[in-house]
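**Student:** Listed here are the chains, written in short residue letters.
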Amino acid sequence: MAKRIQTVDLDCYYGDFLAVSDINIDIEPRSVTAFIGPSGCGKTTFLRTLNRMHEVTPGARAEGKILLDDEDINAPNVDPVRVRSTVGMVFQRPNPFPTMSIRENVLAGYQLNGIRLSRSEADNVLERSLTGANLWGEVKDRLDRPGGGLSGGQQQRLCIARTIAIEPDVILMDEPASALDPISTLAIEDLIHELKKDYTVVIVTHNMQQAARVADKTAFFNLQAIGEPGKLIEYDDTTTIFNNPANQQTEDYISGRFG
Amino acid sequence: MSSQIRSRANSKPQGSQQDPDGRKKPEDMTPQTHQKSRLDSLTAHRKPTWTWMAAAAGSAILSLLITLVAFESFSVIGFGVIAGVLFVGSMYVVSRVLEDRLKATDELWRHLVWTSFIVALIPLISVIWSVVSQGLPTLISNPGLLTADMAGVAGADDIATQNEGASLQGGILHGLVGTIMITLMASVISIPVGLFASIYLTEYGNRNAFSRGIRFFVDVMTGIPSIVAGLFAFAGMTLIVELTIGSSPQALQSVKTGFTAAIALSVLMIPVVVRSTEEMLQVVADELREASYALGVRKWRTIMKVVLPTAMSGIASGVTLAIARVAGETAPILVTAGYVAMTNWNPFSEWMTALPVFIYRQLINPTAPAAGDPSTARAWAGALVLIVIVMGLNLAARAIAKYFAPKTGK
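Protein sequences, first through last, are from chains P and U. Sequential numbering from 52 applies to the first sequence in this note's numbering. Sequential numbering from 20 applies to the second sequence in this note's numbering.
So that you can see chain U by itself, here it is in the shape it has in the complex (with noise of 0.2 angstroms):
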């Protein structure tokens, strides 16, 4: 009886491994050779761990055979192009050959995801190389650049310092001390009205006809192109000044100022801030402010008090952005507060000059016409500490999220 079952079961192997009764026999549930076929299929069509090494290998030697042959000397874009379709291509023919279809096609996307995200990087670190690489040198050997300001400095000694190796002269401060004191004004104007604008749309709105208008509004005002914000603060400016001083000469310089500048930065700032606030206030869950409400808590003291502390990582990181994206601005301050030579510190008076205007002067009107390296290294080293700046806060903004995050105690 039993081996005639185990006859008939090796014959059929699927489903029949069954007596009449319909009992399962303990010994044929797992038959050998079923077993030892379910192994190989487990490790068979793997392909061996070094192929990668081996494909990026012989990629690398091809293509730069390649480059020598059609270029008639090295190329490193053609190298890298040449040599990147070649590894993704032969990873999945390898891969199609000694593995499986799917398994191919897993890999191939692999590939182009990690590929795409090597392209994104590189003019990321492009930049940050050559910003570095021209800035640092100067700002290095003449530290003197980050106290000193342009005023009086004049084409002969731009001339000096390239033609007979006099130290260079002039500086950045006024640009440094106008993008730090636009950026303050701005940033005072921008974040209390973005935040109560925000919570104005989350807690008050309710949804209603007025806070979808506001929302409309403000992700139209994202897109707004940054020299129109200056021509509108300009605008505004001139009609208030014309308004309440008179329309002089003198009257309509003085619309020219660090102020303007803030105003017109502001109209970038506060949609961003807004929106960003408004999704952070949207995220606190609805527990905690009913929470909050059942213990007696007035609404106010509860935005206050629960929902502002909860949202404040996200919100904190928002706004540093917010900043770090306006302190780079260079056509709207250009338009509103001028450009001049010496350090200003007032906002409220006088012409002045923001790092980014800075680097634009110097690269297009050199100090010197006729000898423009000083005036080029002076843009240089203003743009490294730009980036050094906005990169700043940009980690400014990491930490504060990370140290207004909410504690888990894990």
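In isolation and in its complexed conformation, chain P is listed as follows (with noise of 0.2 angstroms):
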């Protein structure tokens, strides 16, 4: 499992739009990056191609290479659709399958796809991510109950379930916490530590404490104005960021004396 990622010379783009572009990071496995940057600096966007979720939007495609763990996954002839199997994302809001219950939520990834599992297979899978996800003990009870009656940290965490019970080799993060009070944010982050044992975790934030409590390195993401491409300013160790940045840039924003 824990694929590290590396991408040589990317660009994203929303039709001729460059949104992100020049994008040269090496992530390692078992860590946890996080991306940080002002809101339109391509941070999402750089995140939804690195399991090819961004060609999803009509019009939009990326150029350049993107390894995982010395193969390219943005080649042309590799199947977007195994590589989001390899490669799993949780979302910004919560979204759990409103018509399923909390067991079927969780192994969603094989029933969508037609995978028959066993009853001891799919009681195993289960466990195993709820456990992961820090949710067993508080849904065990009520696996038969519909996901969405489940309180928004709850549910985030069946997401993180969800994801984690296909078995990917990377984790991407897209705001996990922005949308959850400061108890199932705590929760979620504990959680990210612990994924970050077994998966490789990216995750972009806002939060610049949150980036510097859970992130081993950081990336700061820069875009020079409105129309320009979003660029990859400095990475490094979080605390060397947050600490001792290199570039001025990154200094102003994590001073608050951006803009």
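Simulated from the structure, these hints should not be mistaken for laboratory data. No experiment lies behind these values; they were computed from the predicted model shown. Idealized CB from N, CA, C, for every residue including glycine. Wrong hints could be hidden among the right ones.
What the hints assert, rightly or not - According to the in silico footprint, chain P covers these stretches of chain U (three or more CB under 8 angstroms from chain P):
| no. | segment |
| --- | --- |
| 1 | 294 to 307 |
| 2 | 310 to 316 |
| 3 | 321 to 332 |
Said to hold, decoys possible - Computed list of chain U residues with no C-beta within reach of chain P, every gap over 10 angstroms:
| no. | residue |
| --- | --- |
| 4 | Gly163 |
| 5 | Arg231 |
| 6 | Val407 |
Stated by the list, open to error - Listing some non-contacts, in silico: residues in chain U with all C-beta distances to chain P over 12 angstroms:
| no. | residue |
| --- | --- |
| 7 | Leu258 |
| 8 | Thr362 |
| 9 | Gly391 |
| 10 | Leu412 |
If you follow the hints, you should be able to join the two separate chains into one complex; please do so.
**Tutor:** The following block contains the structure:
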């Protein structure tokens, strides 16, 4: 499991508009990497290219190499759907499937793909994933209740359980705690700490304290002006980024003197 | 010092209750007199709660008198209109006098909205009332209407019924069967086509020129007059029959079938299914589609397993309403399926009668021209059955919507 991600000269487009340009980054396996930067700088766009979700938007495409342990997942002959089952994603707003129970939500990656699990296999996956998402104790007595009945924080952990159920190599998180209260945020952050034992975790966040708390390495993205492409400004250990950044823009951003 | 400030504060009630240092004196924050006038203003100018009852009773009595004097006899419509106008007007005046202008305007609009609601309800209730009151006694005294058709019923039977009190002959079974078979066939054609078309529009079309074109023509088709749909189906089937079977009179006779009527109804039904389904699919959050894609699920399975189930409640009720809408069509079925007196279960051969066509024919061409009452009674019974079917479909739509609605467990 847990694979390394490298991008080489990656450009992301929406139609003719170059949204993110020239990203070269090397993300360590079994680590947490945070993407920070102002709104509109392309953090989320870049994150979505890493599991080929970017191209779901009509007209969107990415050029360059995305190496997942030396295998280019952005190559033209690669099936994007298969990429997504190795690079999982958790979204900004909790999005459990409203028609499914908690159990069905966790097993959705199998059920939706038509993979039949035996009862005992399914139970194993269910318990492992929910335990991995720190949710087992809270929901084990009501697995057949609808997933939409959980609180926002629980729903987000259910979505994380759904993602780790299919055992991806990498988990991408797009502001996973921005719609949650501080207690639920803490639960998600604790969970991210545990997930990095088994997975490569990449998280986009607007909360710099959160980046400082959870991330081993931090990447700062910025754009020069509206209409210009976003760029990777600085990428280093989180402590370096927050205490001793090499770039003036990074220092302005993390100290709140930005713009 | 303190009394000096207090006297100043009382003489200038607004914004001057401060000592020279700019600090507010706690005892000056809520002067007794000020508090009292605030309380007064909250309870003052309220009309008593029984005002509307008094106004309603007064309007009713006055209206009764006016109606009796002006029309010299009691008239429900005159009474209702005059009473309504008097009530709305008097409530406005009372509110204007006892309360204030804004409150009175607010009340005026509230009463106007309520009045429009009641006016809108009148035709609905009177339609249901007239159909039930005319149709139900016939159905109760002649339950055989539901299991018999008009085959073999002659004018002499109806004359016997009207003049000698013989039991009502014939029935509406052929119409019932025709309506069910034709609507079923139309649904079998329209639901898959409409469903797939709307899936194309929302999931695959990406608002390209082709999907915009389809959407435009679907909108145009929703406004198509139903007789045009009937003529289209008739002309289309005639063309097909001429090309395949030939143009002999027998061959052309075979154009008029329940199936041709079903095609005509499909022309009316498909746009309704497409638009209602498309709206329901657009409501499904993109986040759910993305959640499914992010699990490595392919597009078609995402649509089948995530998008459609999430939208199913709205789709099912939209489809059921579309069925209800075409079940009551008359003109297109009359041109395409003709009119027969016997029950025909086969939509692919021979003519077929639908309930609305049966009702129309019984009223326009009574079985016994000299004794129309039995035909009228059968027509009202048929109308009642038709309304029950359409209402049943509406209730089914609500039940389906509730059954499929995403559950939150709360």
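**Student:** Next, verify each hint and record whether it holds.
**Tutor:** Going through the hints against the structure:
1. 294 to 307: holds (count 3)
2. 310 to 316: holds (count 7)
3. 321 to 332: holds (count 6)
4. Gly163: Holds: least Cβ distance 47 angstroms, greater than 10 angstroms.
5. Arg231: Non-interface label on arginine 231 of chain U holds, nearest chain P Cβ at 14 angstroms vs cutoff 10 angstroms.
6. Val407: 32 angstroms, holds
7. Leu258: 40 angstroms, holds
8. Thr362: 42 angstroms, holds
9. Gly391: 55 angstroms, holds
10. Leu412: 24 angstroms, holds
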